[in-house]
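Novice: Going down the list, the protein sequences come from chains A, B and C. Taken in order, the first sequence gives residues 1 to 306; the numbers are from my numbering. Taken in order, the second sequence gives residues 307 to 699; the numbers are from my numbering. Taken in order, the third sequence gives residues 700 to 963; the numbers are from my numbering.
Honestly, the hints are just simulated from the structure, not real lab data. Be aware that a few hints might be false.
As the list claims (entries may be wrong) - Reference listing, derived: stretches of chain B covered by chain C, where coverage requires no fewer than 3 residues with Cβ under 8 Å from a Cβ of chain C:
1. 559-572
2. 577-588
3. 683-696
These numbers come from a predicted model, not from an experiment. By construction, the Cβ of each residue, glycine as well, lies at the ideal position given by its N, Cα and C atoms.
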Amino acid sequence: MADLLLQQLLNWVVLGSIYALIAVGFSLLFGVLNIIHFSHGDVSLVAPFLALGAIQALASSFPAASGSLAVLLLCLLLSILLTGLLGVVLEFLVIRRFRNAPVMMALVATVALGIVLRELVRHLFPNGSNPHSFPRFVGGHIELAGVTIPLFSLVAVVCAVLAVAGLFFILNKTRLGLQIRAVSQDRDAARLMSISPTRIFRATFFVASAIGAVGGVFFAGYANLVRFDFSIDVGLIGFSAAVVGGLGSMPGAIIGSLLIAGLDTFVQAVVPNGASYRLVFIFLLVIAVLVFKPSGLFGRTVVEKV
Amino acid sequence: MSTVAKTGAPAASFSLTSLLIVVACELIGAAALREFLLVDDWRVIVGLLVVFAIILVAMQRFPAVEHRIEDAFDTQKPAAMVLAIIIVLGFPFTLEGNTYAFHLCVIAQLYAVLALALNFQLGSANIPNFASGASYGIGAYVSALLALNVGLSFWLALPAAAIAATVAGFLLGLPSMRTRDSYLALVTIAFGVVVNQLLNNLDFTGGPNGLVGIPVPELFGHSFSSPLVIFGVSLPSQANFYYLSALLVAISILFAGRLHNSRVGLAWNALRADELAARCQGINTTWYKVLAFAVDAFLAGFAGTIYAFYVGFISPDNFTFLTSVTIMTMVIAGGMDNILGVIVGAFLLTLLPEKLRVFSDYRILFFGVTVIAFLMIRPQGIFPQRLRRYGER
Amino acid sequence: MTSPVVLSGQGLTMRFGGLTAMAEVDFELHRGEILGIIGPNGAGKSTLLNIITGIYLPSSGEVKLEGEVLNGLSPHKIVGRGIARTFQSSRLFPDLSVLDNVIIGRHSQTKSGVFDAIFRRGRANRELAESAAIAEDLLKAVSRDLFEQRHRPSGELPQADRRRLEIARALASQPKVLLLDEPSSGMDDNDTDALMDDIRGLCAAQPDLSLMIIEHDMRLIAALPQRVMVLDYGQKLADGPFEEVRLIPRVQEAYLGKKAVQNA
């Protein structure tokens, strides 16, 4: 019994960490750009496909080296970087045009962008409509205080913590972070301080997309497979976690993720036929939170200057 | 809001030219649509599209032409309406019994209703609603369940389903009272997912397989599954649903027009432009937001019912997030807060993917790109909203 | 002033978290009076307007219109009671026509709803036509030129016309009290003179209408209001005719700083 409980607790923490990696990106982008980059989830979920592509390409060119952990990690790293770049490219091609547009327009445009990304993955990746198996890139277990914990779970949580801590560090202790915060508060004033908002947007997109990519890759590893429409599930949940926590608040994104992951795990474990109903519960929670706290749990209510 | 034509001799030729313009536009439009529906060769279809695009660009370049046509329709409203009704009634006779063409017309008309319904929220009030597919689905499922389990006829199930959908619309509208923009968008997405998942998992809704065997409607002994005989000409059974959905489109246009040119429509537009300023003019923005959801759901419920009884079987896959996005695309591309634009958008985006079967796999991609393209290049849509006129010009 | 008090506030306090934007402010507005509200930036002038119109809920204190408490009513209801306002940044409805903007101002005085619009078309149309006629009259009264442009999108108007349109829109609700928030902001001397004439004309045409005007332009303040209220840091410093108020040292300090006053 205790074993089962522990197992569920572990699931909760791992899932929460993965969702947090994606949610944090949403909050960061909203905080800086004040638009909802709906397609962030879809961008994050491109990473596992890129990784798979890299692995398969290497396997066919250098069959001897493939399968080794080093190569695997290299492919993952490559996919994370490429996804970061993808975020920047999208900013340049599409999102830039909606920087000063009404919110609704930017919203619908980024929803559409997400759809386009998903479809492109489906068409460009060989056999894209079908699920593909994805390696759980860290295998094995370790014993911690008498409990057997899969190494993958541990690594996932550690990576998430590192990523978020890294983000905090960048935002609060580096010059880049200072510039990002300046731009998010007052674009024009920042410009007067010779901070180029464009450069900052690109940098933020890179960081957010890369961190999201880490989340995407871990999710694929957790599920042991990847499908082009994962982003509808994971991406939407990541967005929900960010919104529930309050867009623009990093701690909020993390708390939101833990909340949703907790509910997710609980429903799957306890409710009969829970796996089918998990989305219902999760989104009912989202609706409930937003009804009582329209800007999320820790969201900053934008006070209009009247 | 009719405008009074100027009187006098020069006006007579103005009126005559206007009449000719109206007749020409409507007939050409109808002929083009007919071609589009009947032709199979995708090259002809692309050709027609190119012509359409050229006309659009020409109108952009020469706004005087666009204004002249608009004026023509404004001054000859009664004639335009009568001609339009004649065309709509007579159109089936020109389709040479092509059941596929009929089918497309029915589906396009249902989507036109859905797009007109969404237009209240998206076009008039600028409320993001990603759950219009859910209202559509609720209408379909409620009517189907009533027919299958309680034995209600189509004609009784129709209002019941519309009311059920409206109630659901109100429920969805409640969170809209305090949430805005992205948060509201998420609430509507969440609602859509919840409804879809419930339909998928609950037993009495038939689960992922949905409901089958929905009975065909009957009117005065005439079954909708038998061919329609008018003036000695036998039209395929789809013609029954063609006229039914055409009637619904007409009702929707009536609703849309009357609401737009009313205190309600003005309140929605004010809400769209500046919510705070609207409140300071005495507009109860909360009520109008919820109202928009309810009106959208009402019409969508009607459309859903007709769809369910037309196709005879429904499943949760018919009513997904993508359905909602499709409807949204129709409003955005066709023209926000413009009745004609929305209908044209609906027809275009229903017929294109069907006709360009070659590219059917790319349909979703096409929609996404279309939305982005329009939002970047022409956010008002093909036919942008028009300013209201009162009394004499 | 011997005319009755139409709008009053007692002990109005507004706290935003740790910041006290307004502290224990009292005021009275008499019927037919013009009350000016002045004070340095951030003094709480707009806050006062926002409290009166229901946009902010005061932390404590009461606002009364002809004896009835307004606190807690939502802004749209307060408009219905008879208070209309303009905004510092002229919040018009830019993609709607000039005429439509004013017709929307009639919203609180009209009734047609969804049912009327669809099923009782005649009645809805009559009410709308009536509103349109009243709106046109209002525009004509404000400015013939504005009336001529009534079918243009309001976003295309120049600044002075926008302000006029905003005032016309506010008047459409047939208010008892009209609140103007820095009406001359963004205007040069000519425009301001025209604005002062407009306001004088308005008061002459509607002697029972009471005005509260927030202003920075001292020419306007010297000429129009019978009384002036000075706010600074959310507190009322003075209340009385402008000639008296401007001589009070505390008031001068608020604008010019202590040193400047000492050296004056």
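Novice: Under 8 Å between beta-carbons, do enough residues of the segment 559-572 of chain B, three at least, approach chain C for the coverage claim to hold?
Specialist: That given contact holds, which follows from 10 residues of the segment 559-572 of chain B lying within Cβ reach (below 8 Å) of chain C.
Novice: Can you take a look at whether the segment 577-588 of chain B is actually covered by chain C? Rule is 3+ residues, C-beta closer than 8 Å.
Specialist: As far as the segment 577-588 of chain B goes, the hint holds, because 9 residues have Cβ atoms under 8 Å from chain C.
Novice: Examine the segment 683-696 of chain B for residues whose CB is less than 8 Å from any CB of chain C, and state whether their number is three or more.
Specialist: With 5 residues in contact (Cβ-Cβ under 8 Å with chain C), the coverage given for the segment 683-696 of chain B holds.
Every hint, counting from the list given before, is met by this structure.
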